[in-house]
Amino acid sequence: MTLRRRLIPYLFLAPALVLLAIFVVYPIIAVVGYSFTDYDIVRPPVFVGLANYEKLVDDPTFWLSIQHSLVYLLVTPILIVLSIGLAIVVNRAMRGIHIFRALYFVPAVSGSIAIGLAWTWLFDRNGFINSVLLSWGLIHTPIQWLANPSMVLPIAMLLTIWAGVGYYSVIFLAGLQNIPEELYDAARIDGCNSFQKHRYVSIPGLRPQITFVAVISSLAALKVFDEIYVLTGRTGGILDSGVTIVFYLWKQAFVLSHAGYASAIAMALLAMTLVFSIVNVRFLERGDAEA
Amino acid sequence: MSATSESQVLAQPRPRAQRRFRWRRVASTTGWYAVLVALAVVTVFPFAWMLLTSIKGPNDPLMSVPPQFLPTDPTLAAYQRVLAALPISAFFVNSVIVSVTTSLLNVLVASLAAYPLAKMRFPGRTVIFWALLATLIVPAQLTFIPSFVLAVNVFHYYDTLRALIFPALVSAFNIFLLRQAFRGVPNDLLDAARVDGAGEFRIWWRIMMPIVRPSLAAVAIFTFVTSWNDFLWPSLMLHTREGMTLPVGLAALQGFFSADFRSIAAGVTITVVPILMFFIAAQRYFVRGLAGAVKG
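Protein sequence lines correspond, in order, to chains R and W.
Counting in the numbering used here, the first sequence runs from 1 upward without gaps.
Counting in the numbering used here, the second sequence runs from 1 upward without gaps.
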């Protein structure tokens with residue numbers, strides 16, 4: 001009976017732990033192993049030592065993909081600023097405000113492939129953007145937006161920002177509504193105008209939310225794939241102009257069947273996420289202490 | 001302003017100040033509505049443009065300067081082409097099967113794991129807690145190569161819906177969210193049940209689960225939408241056209257109708273409508289789930 005009692009917590013945890021062991025822990029160990037092999041998924045892996053890593057260091061596309069992923073991280077500060085702004089805008093009692101809040105959330109639930117296709121059409125040579133720019137006389141010939149190497153990444157980032165603002169602003173809105181009204185009253189008495197009110201009360205009050213959004217949106221930015229896949233028609237863009245680290249991993253592993261080499265890329269991805277994971281753990285630890 | 005009204009104002013300064021105040025309020029409310037509408041246009045426009053493109057008739061040019069918004073002879077021909085070319089209803093059924101199964105089993109697995117982490121003391125608890133945290137950090141894409149090998153060689157579920165369901169059954173994020181909810185349940189309630197002779201499993205099912213029902217709903221709905229929109233892993237696993245989920249089928253549509261934007265627009269519109277309807281129905285849980293996530 002006592003043994004059974006002692007086993008109880010583990011019985012509750014067993015399904016989750018077994019699934020995690022199979023689908024997270026084992027694959028991580030295996031991918032480390034594969035990174036030292038020549039492997040095409042079909043034939044058994046052949047040990048090659050550090051060959052994949054040596055190749056990686058001299059692979060300009062790999063470095064380009066790292067560079068693109070780092071540039072992509074710029075979406076994080078932009079998302080934070082815009083989402084806080086939107087949260088402040090919708091944090092007021094107005095008739096129909098719930099409808100607006102729901103509308104802003106729509107891109108977040110619509111699915112990356114659907115919104116990616118919608119944007120592909122907007123930025124197509126025959127798309128809406130060119131139509132408008134031509135009619136305003138800002139351009140004289142249609143621009144090939146997505147065939148332009150310098151435009152692919154900015155358009156993908158714009159898409160990520162457009163789709164994310166409504167989502168993250170819900171988090172900030174919940175944070176704003178937890179800030180006691182007295183703090184705003186005190187700020188008003190001290191002579192703050194409405195901008196200063198947000199600068200000195202809202203922003204400090206939103207610190208946990210800012211940390212949270214910074215971590216999850218930067219991890220999401222490092223993992224970006226779907227947007228690039230759709231906007232570039234699964235090519236990664238002319239001259240690899242839209243290739244991010246996850247896109248390159250996917251291309252090496254599942255298009256070119258270089259699973260061993262792709263596993264080495266996965267290690268680089270792991271190293272990059274480790275930097276952000278430190279922030280992540282710190283944050284969650286703090287949240288746990290507060291609870 | 002006449003002299004009489006001026007003297008009235010001098011005699012009673014309040015109403016005028018109030019009137020001016022009300023004017024300012026009306027102006028600022030109008031201004032805020034203008035901002036809200038402008039933001040809504042930016043948010044909704046890509047979808048609206050898709051819808052309008054999808055029903056444009058053969059005489060409506062897709063590209064015109066200035067842009068033509070409304071079709072002159074609307075037609076559903078593009079929808080007929082898409083439905084004839086691709087088994088959209090099969091995609092839909094597959095997506096429903098995967099998302100419903102994944103979200104329900106996720107709630108079950110996560111709530112089981114969350115209970116001891118929230119309410120029991122046992123050896124290894126801290127280690128398990130940190131191990132779970134660590135899995136939150138690892139990007140799923142890192143595991144795709146070994147998971148692919150497992151799917152083909154070990155579990156033999158390549159090109160079936162099970163390949164989408166099994167790896168998605170557990171999420172450390174959901175475990176933390178529910179752990180947070182369980183911690184809010186008063187211990188007195190559990191002790192009272194134990195005195196009455198209830199076992200831990202009974203307490204979990206009859207006391208804990210009903211109390212945290214809103215959190216369970218939030219977890220289920222979030223998992224549902226994540227699963228519904230998941231693309232990369234499903235695209236690796238699903239090969240047969242009839243077996244695809246909506247996002248995978250939609251991506252196939254892009255290759256199928258490469259230059260026919262009327263059809264692509266129709267396909268996107270068909271696939272976006274169901275999830276939007278679901279969102280409208282379950283809207284308040286999204287807010288609850290996201291707001292709760294930060295505390296968890």
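No wet-lab data here; the hints were simulated from the structure.
Where a beta carbon is used, it is the ideal one built from N, C-alpha and C, also for glycine.
Please note that the accuracy of each hint is not assured.
[What the hints assert, rightly or not] Residues on chain R that point at chain W, a partial pick, calculated with CB under 8 Å:
1. A16
2. I28
3. Q196
4. V275
[What the hints assert, rightly or not] For each label pair, taking beta carbons as the anchor points, the in silico distance ranges come out as:
5. R/D190 / W/R25: 19 to 25 Å
6. R/L239 / W/T29: 48 to 54 Å
7. W/L189 / R/L256: 53 to 59 Å
8. W/V100 / R/R6: 52 to 58 Å
9. R/N193 / W/M120: 34 to 40 Å
10. W/G255 / R/L256: 17 to 23 Å
11. R/R207 / W/G184: 46 to 52 Å
Results for each hint:
The interface hint given for R/A16 holds, since its Cβ lies 4 Å from the closest Cβ of chain W, which is under the 8 Å cut-off. Residue-level restraint check for R/I28 holds (minimum Cβ-Cβ distance to chain W is 6 Å; threshold 8 Å). Annotation: R/Q196 was flagged as interfacial toward chain W, and the flag is violated, the nearest CB pair being 18 Å apart, outside 8 Å. The beta carbon of R/V275 comes no nearer than 11 Å to any beta carbon in chain W, farther than 8 Å, and the hint placing it at the interface is violated.
As the Cβ distance of R/D190 to W/R25 is approximately 24 Å, the hint placing it in 19 to 25 Å holds. About 51 Å separates the C-beta atoms of R/L239 and W/T29, a value consistent with the hinted range of 48 to 54 Å. The hinted range of 53 to 59 Å is satisfied by W/L189 and R/L256, whose Cβ atoms lie roughly 58 Å apart. Look at W/V100 against R/R6: about 36 Å separates their beta carbons, and that is not inside 52 to 58 Å.
Between R/N193 and W/M120 the beta carbons are some 52 Å apart, a value that contradicts the proposed interval 34 to 40 Å. The beta-carbon spacing between W/G255 and R/L256, approximately 19 Å, falls within the hinted interval of 17 to 23 Å. A hinted range of 46 to 52 Å for the beta carbons of R/R207 and W/G184 is inconsistent with their spacing of about 23 Å.
In summary, the structure is inconsistent with hints 3, 4, 8, 9 and 11 from the numbered list given earlier, while agreeing with the others.
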